[in-house]
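> Residues per chain, in single letters:
There are 4 protein chains.
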Amino acid sequence: MTIIIKVTIWNEFLHEKTDERVKAIYPNGIHNELAAYLEQFDDIEVKATTLDSENFGITDELLDNTDVLIWWSHMEQDKVPDEIARKVADRVLLGMGFIVLHSAHYSKPFRLLMGTTCSLRWREGDFERVWCVNPGHPIAKDIPACFELPNEEMYGEHFDIPQPDSVVFAGWFRGGELFRSGCCWNRGAGKVFYFQPGHETNPVYKNPNVLTIIKNAVYWATPCNKRTTLVCHHFDETTEQRYVKGLTETY
Amino acid sequence: MTIIIKVTIWNEFLHEKTDERVKAIYPNGIHNELAAYLEQFDDIEVKATTLDSENFGITDELLDNTDVLIWWSHMEQDKVPDEIARKVADRVLLGMGFIVLHSAHYSKPFRLLMGTTCSLRWREGDFERVWCVNPGHPIAKDIPACFELPNEEMYGEHFDIPQPDSVVFAGWFRGGELFRSGCCWNRGAGKVFYFQPGHETNPVYKNPNVLTIIKNAVYWATPCNKRTTLVCHHFDETTEQRYVKGLTETY
Amino acid sequence: MTIIIKVTIWNEFLHEKTDERVKAIYPNGIHNELAAYLEQFDDIEVKATTLDSENFGITDELLDNTDVLIWWSHMEQDKVPDEIARKVADRVLLGMGFIVLHSAHYSKPFRLLMGTTCSLRWREGDFERVWCVNPGHPIAKDIPACFELPNEEMYGEHFDIPQPDSVVFAGWFRGGELFRSGCCWNRGAGKVFYFQPGHETNPVYKNPNVLTIIKNAVYWATPCNKRTTLVCHHFDETTEQRYVKGLTETY
Amino acid sequence: MTIIIKVTIWNEFLHEKTDERVKAIYPNGIHNELAAYLEQFDDIEVKATTLDSENFGITDELLDNTDVLIWWSHMEQDKVPDEIARKVADRVLLGMGFIVLHSAHYSKPFRLLMGTTCSLRWREGDFERVWCVNPGHPIAKDIPACFELPNEEMYGEHFDIPQPDSVVFAGWFRGGELFRSGCCWNRGAGKVFYFQPGHETNPVYKNPNVLTIIKNAVYWATPCNKRTTLVCHHFDETTEQRYVKGLTETY
Chain A
1 MTIIIKVTIW NEFLHEKTDE RVKAIYPNGI HNELAAYLEQ FDDIEVKATT LDSENFGITD
61 ELLDNTDVLI WWSHMEQDKV PDEIARKVAD RVLLGMGFIV LHSAHYSKPF RLLMGTTCSL
121 RWREGDFERV WCVNPGHPIA KDIPACFELP NEEMYGEHFD IPQPDSVVFA GWFRGGELFR
181 SGCCWNRGAG KVFYFQPGHE TNPVYKNPNV LTIIKNAVYW ATPCNKRTTL VCHHFDETTE
241 QRYVKGLTET Y
Chain B
1 MTIIIKVTIW NEFLHEKTDE RVKAIYPNGI HNELAAYLEQ FDDIEVKATT LDSENFGITD
61 ELLDNTDVLI WWSHMEQDKV PDEIARKVAD RVLLGMGFIV LHSAHYSKPF RLLMGTTCSL
121 RWREGDFERV WCVNPGHPIA KDIPACFELP NEEMYGEHFD IPQPDSVVFA GWFRGGELFR
181 SGCCWNRGAG KVFYFQPGHE TNPVYKNPNV LTIIKNAVYW ATPCNKRTTL VCHHFDETTE
241 QRYVKGLTET Y
Chain C
1 MTIIIKVTIW NEFLHEKTDE RVKAIYPNGI HNELAAYLEQ FDDIEVKATT LDSENFGITD
61 ELLDNTDVLI WWSHMEQDKV PDEIARKVAD RVLLGMGFIV LHSAHYSKPF RLLMGTTCSL
121 RWREGDFERV WCVNPGHPIA KDIPACFELP NEEMYGEHFD IPQPDSVVFA GWFRGGELFR
181 SGCCWNRGAG KVFYFQPGHE TNPVYKNPNV LTIIKNAVYW ATPCNKRTTL VCHHFDETTE
241 QRYVKGLTET Y
Chain D
1 MTIIIKVTIW NEFLHEKTDE RVKAIYPNGI HNELAAYLEQ FDDIEVKATT LDSENFGITD
61 ELLDNTDVLI WWSHMEQDKV PDEIARKVAD RVLLGMGFIV LHSAHYSKPF RLLMGTTCSL
121 RWREGDFERV WCVNPGHPIA KDIPACFELP NEEMYGEHFD IPQPDSVVFA GWFRGGELFR
181 SGCCWNRGAG KVFYFQPGHE TNPVYKNPNV LTIIKNAVYW ATPCNKRTTL VCHHFDETTE
241 QRYVKGLTET Y
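Chains as they are written, first to last, in my numbering: chain A, 1 to 251; chain B, 1 to 251; chain C, 1 to 251; chain D, 1 to 251.
Please keep in mind that the hints were generated in silico from the structure rather than gathered at the bench.
A couple of the hints might just be wrong.
[As the list claims (entries may be wrong)] Cross-link-like lysine-lysine pairs, in silico, DSS-like; alpha carbons within 27 Å at most:
#1 Lys-47/A / Lys-141/C
#2 Lys-108/C / Lys-79/D
#3 Lys-206/A / Lys-226/C
#4 Lys-141/D / Lys-226/B
#5 Lys-141/D / Lys-245/B
#6 Lys-141/B / Lys-215/D
#7 Lys-215/B / Lys-226/D
#8 Lys-6/C / Lys-215/A
#9 Lys-108/C / Lys-87/D
#10 Lys-215/D / Lys-6/B
#11 Lys-245/D / Lys-141/B
#12 Lys-108/D / Lys-226/C
#13 Lys-47/D / Lys-141/B
#14 Lys-226/A / Lys-206/C
#15 Lys-215/D / Lys-215/B
#16 Lys-226/A / Lys-215/C
#17 Lys-215/C / Lys-215/A
#18 Lys-245/D / Lys-206/B
#19 Lys-108/B / Lys-226/A
#20 Lys-141/A / Lys-226/C
#21 Lys-87/C / Lys-108/D
#22 Lys-245/B / Lys-206/D
All chains should be modelled from the sequences, with the hints used to inform the complete structure.
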């Protein structure tokens with residue numbers, strides 16, 4: 001019996017409508033580009049949603065039916081209301097996977113989950129070589145020791161993130177910078193993967209290695225356990241007493 | 001030349017005024033108990049402040065003169081305004097050390113920096129044995145393999161925190177639970193140490209091992225570098241071009 | 001198309017032949033007990049081997065056909081020759097998964113991979129409660145917040161291991177100790193999971209949670225990428241020059 | 001009262017005697033170059049020793065008087081006998097600090113402590129820019145966001161090391177590679193810092209940032225606690241029983 005992984009791709013979907021260069025690359029939006037790729041896999045079911053959809057593209061019903069949420073945003077990060085950002089972050093803490101792409105380092109839900117500014121050094125237009133620094137990690141599966149992105153935005157250190165639980169990829173830029181480009185964290189019962197490539201003016205989401213990494217990340221971020229609450233567990237009895245009574249403990 | 005470390009102890013200071021049991025243990029408040037201990041060290045300079053002081057005990061001038069901030073709070077965590085919590089968290093990201101005690105796992109600035117709920121399992125009244133799981137860590141200096149706290153509040157797993165950069169201590173409770181009791185994180189240019197012992201109705205801050213741990217944490221959390229900004233660095237020129245011009249890069 | 005994971009279970013297989021208590025629990029040996037459980041899964045193919053088999057149970061042909069190696073040993077750890085231990089460790093560095101059970105904390109290949117003594121505090125006979133401290137980890141899938149092992153050997157801190165990449169489980173013992181009971185490391189392109197429960201005189205490998213954890217660990221430890229060499233890569237040309245020529249880089 | 005840190009610098013001291021280029025840079029050897037720098041600090045006491053000294057430069061008496069051992073080696077790593085390498089590694093596990101420079105990534109004691117091959121990609125002669133990725137770490141104290149080494153040997157990923165407890169520096173090379181250049185691990189009660197810069201044909205150990213980093217690493221690696229044994233602690237009594245008797249536990 002195949003387990004189906006429910007993936008939702010949330011996209012700001014602004015550049016693709018207003019910038020001819022971006023429209024030429026992703027006429028249906030980055031969300032549909034990624035959706036078309038992920039739909040090829042029998043055990044992945046994809047929905048796509050955008051900032052201009054109902055309730056900013058995030059409804060409870062949608063989240064109830066999402067195992068892994070992929071997020072691309074840039075110019076209108078601030079248009080996502082705080083309560084929507086909180087709702088997304090809470091779902092991650094309860095177990096949902098969260099894949100954060102490129103400029104979404106500055107998205108509200110990612111910053112809530114990181115607790116740092118997520119600021120970085122940047123510059124438009126450079127050549128990037130992505131090196132794998134953790135070949136045994138599931139997100140590195142089938143990825144070579146390095147691969148190149150001839151046109152990418154430079155994101156460089158210091159990247160103000162909490163120390164990742166694993167750094168899987170690091171990016172080298174001709175202009176003289178480097179970056180922790182692929183980073184993993186556990187947060188609550190959920191998993192978060194940040195991946196730097198994906199500037200809208202370059203066809204980065206057509207690169208086979210980039211796509212494989214995103215697909216690997218979907219499998220990696222699929223929930224293992226779901227938590228039942230985000231608040232403290234309090235019992236007057238000790239766990240030893242509860243055990244004698246045959247009571248069991250939940251997350 | 002001795003470097004002086006400027007420590008500020010912030011205390012909610014409510015239980016000590018309203019609960020006779022607590023008043024009997026800490027007649028001058030937990031803040032003054034800890035201050036009296038830390039003042040013994042020549043290279044530590046201590047200030048103490050409380051929730052009922054000017055601006056909730058947190059002024060810019062105070063923070064300008066704080067290398068390490070120690071925080072105890074419980075019942076009135078929510079009385080600290082969001083903008084004060086943000087200000088404290090930002091100072092940590094810029095380099096300030098932050099030592100978070102006991103029930104302050106639920107304080108606003110700690111939760112902002114962690115990005116998780118910081119929820120846990122709890123029960124009043126148990127016997128705790130604190131084990132060191134990282135004897136080479138500077139916060140473990142001069143601490144035995146384990147030590148006991150005959151009366152302590154039970155805090156147990158699952159503790160909803162990001163994976164610590166180092167777990168230094170773990171607590172064993174007779175009631176059947178365990179806990180990551182002493183945890184370290186880097187956040188921005190600052191360092192954060194959470195330490196679980198310190199329930200107000202027990203004289204835990206008179207225990208010599210507990211005091212040594214707090215003192216060790218002060219030295220460990222002292223800033224190494226201060227960041228100059230919390231926002232992104234952007235330059236049109238590459239770092240290679242800037243280097244040729246003799247320009248230098250800051251955090 | 002289902003990918004088949006090739007699992008080899010290596011067992012010292014001595015207690016089961018010489019100690020009536022152990023024989024009564026595992027008449028066919030711990031290896032066959034675990035094999036019978038894992039064989040239920042369609043995508044897992046199991047072989048079992050023992051210290052008294054050809055070449056100490058470890059041949060190149062066997063390792064060529066092993067994705068994940070499970071290892072139980074105790075009294076005769078030293079009978080495994082150094083060159084066999086090295087061969088096993090090297091296979092891990094090339095990508096093989098390695099699941100190390102109970103007293104095999106002192107096995108030669110585990111110690112080679114850890115680089116520390118792997119010493120610990122121990123005492124026969126106690127009650128253990130295993131707590132999950134990382135509910136989002138794939139090895140914790142379907143495991144409750146805690147579960148009990150009424151009879152288990154106590155292993156306690158300080159456990160002299162490198163800081164794990166993830167601690168998934170921690171054990172609480174009635175006698176007053178705690179332990180990092182389920183620990184993960186990446187080593188080279190391979191993954192290592194150490195799991196403490198499994199003393200031979202207790203039917204621990206019949207406990208459903210213990211079995212689920214071992215099965216989860218098999219999936220987790222399955223190789224992602226295999227390295228082609230364990231020695232340094234040296235090229236006179238830069239990676240930039242090699243890229244222009246269309247050369248690709250391997251691990 | 002100032003605590004004196006006893007530093008021993010062990011150098012292979014071969015290139016400096018046989019290669020005119022190296023002799024011109026370090027006429028008294030790399031060990032004496034580093035010793036002269038470290039001796040400026042009032043609380044650091046320095047000894048230097050070399051492979052061609054008594055017992056390969058490593059005696060018990062010397063180790064008894066060493067808090068932090070700095071190690072440079074390259075061509076004759078294999079001339080260090082296995083038992084000397086084991087002795088050094090064991091001292092680290094007992095608490096000694098260990099700073100491993102450049103080509104000593106392949107030294108026997110470092111490989112013993114890491115448990116991996118420590119292999120890497122390399123090429124003679126490139127321009128390196130060292131970026132700090134953890135500005136709050138004590139080894140980064142007073143180091144700018146990046147600094148340059150116009151002539152350095154390229155060491156690149158994949159570097160086959162265990163995931164560091166902290167990565168403090170990462171190196172960017174013009175030829176297209178990057179590297180985790182400054183890495184920290186706890187091992188037993190000791191601390192290990194690997195630092196990549198320091199090829200013998202370049203005056204890297206005259207660079208003020210490199211020297212500051214080595215000095216910072218000395219302070220960071222100074223022992224906090226010493227372990228009393230490397231073998232398991234076994235007691236028939238529980239820790240609870242031993243506590244009642246007033247017995248204390250050691251590492």
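> Each hint needs a verdict: does it hold in this structure or not?
Hint check results:
As the CA atoms of Lys-47/A and Lys-141/C are separated by approximately 25 Å, the hinted pair is consistent with the 27 Å bound. Distance hint between Lys-108/C and Lys-79/D is fulfilled; the C-alpha atoms sit about 24 Å from each other, no more than 27 Å. For a cut-off of 27 Å, the pair hint linking Lys-206/A to Lys-226/C stands: about 26 Å separates their Cα positions. For a cut-off of 27 Å, the pair hint linking Lys-141/D to Lys-226/B stands: about 9 Å separates their Cα positions.
Between Lys-141/D and Lys-245/B the alpha-carbon distance is near 25 Å, which keeps this suggested pair within the 27 Å criterion. Taking the CA atoms of Lys-141/B and Lys-215/D, the gap is near 21 Å; set against the 27 Å cutoff, the hint holds. In summary, the hint linking Lys-215/B to Lys-226/D is supported, as the alpha carbons are separated by about 19 Å, within the 27 Å threshold. At most 27 Å may separate the alpha-carbon atoms for a hinted pair to count; Lys-6/C and Lys-215/A meet this at roughly 24 Å.
A threshold of 27 Å between alpha carbons decides the hint, and for Lys-108/C with Lys-87/D the separation of about 18 Å falls inside it, so the pair holds. At most 27 Å may separate the alpha-carbon atoms for a hinted pair to count; Lys-215/D and Lys-6/B meet this at roughly 24 Å. For the hint linking Lys-245/D to Lys-141/B, the alpha-carbon distance of about 25 Å falls within 27 Å, and the restraint holds. For a cut-off of 27 Å, the pair hint linking Lys-108/D to Lys-226/C stands: about 25 Å separates their Cα positions.
With a C-alpha separation of about 25 Å, the suggested pair Lys-47/D and Lys-141/B falls inside the 27 Å cut-off, and the hint holds. The suggested pairing of Lys-226/A with Lys-206/C holds, with an alpha-carbon distance near 26 Å, which does not exceed 27 Å. Note on Lys-215/D and Lys-215/B: the hinted pairing holds, with a Cα-Cα distance of about 24 Å set against a maximum of 27 Å. For a cut-off of 27 Å, the pair hint linking Lys-226/A to Lys-215/C stands: about 19 Å separates their Cα positions.
Taken as a hint, the Lys-215/C and Lys-215/A pair is honoured in the structure, with Cα atoms around 24 Å apart against an allowance of 27 Å. Our distance criterion of 27 Å between C-alpha atoms is met by Lys-245/D and Lys-206/B, whose separation comes to about 22 Å. Restraint check: the Cα-Cα separation between Lys-108/B and Lys-226/A comes to about 25 Å, which is no more than 27 Å; the hinted pair holds. In summary, the hint linking Lys-141/A to Lys-226/C is supported, as the alpha carbons are separated by about 9 Å, within the 27 Å threshold.
This hinted pair checks out: Lys-87/C and Lys-108/D have alpha carbons roughly 18 Å apart, not beyond 27 Å. The suggested pairing of Lys-245/B with Lys-206/D holds, with an alpha-carbon distance near 22 Å, which does not exceed 27 Å.
Comparing the model with each earlier hint shows no violations; every hint is respected.
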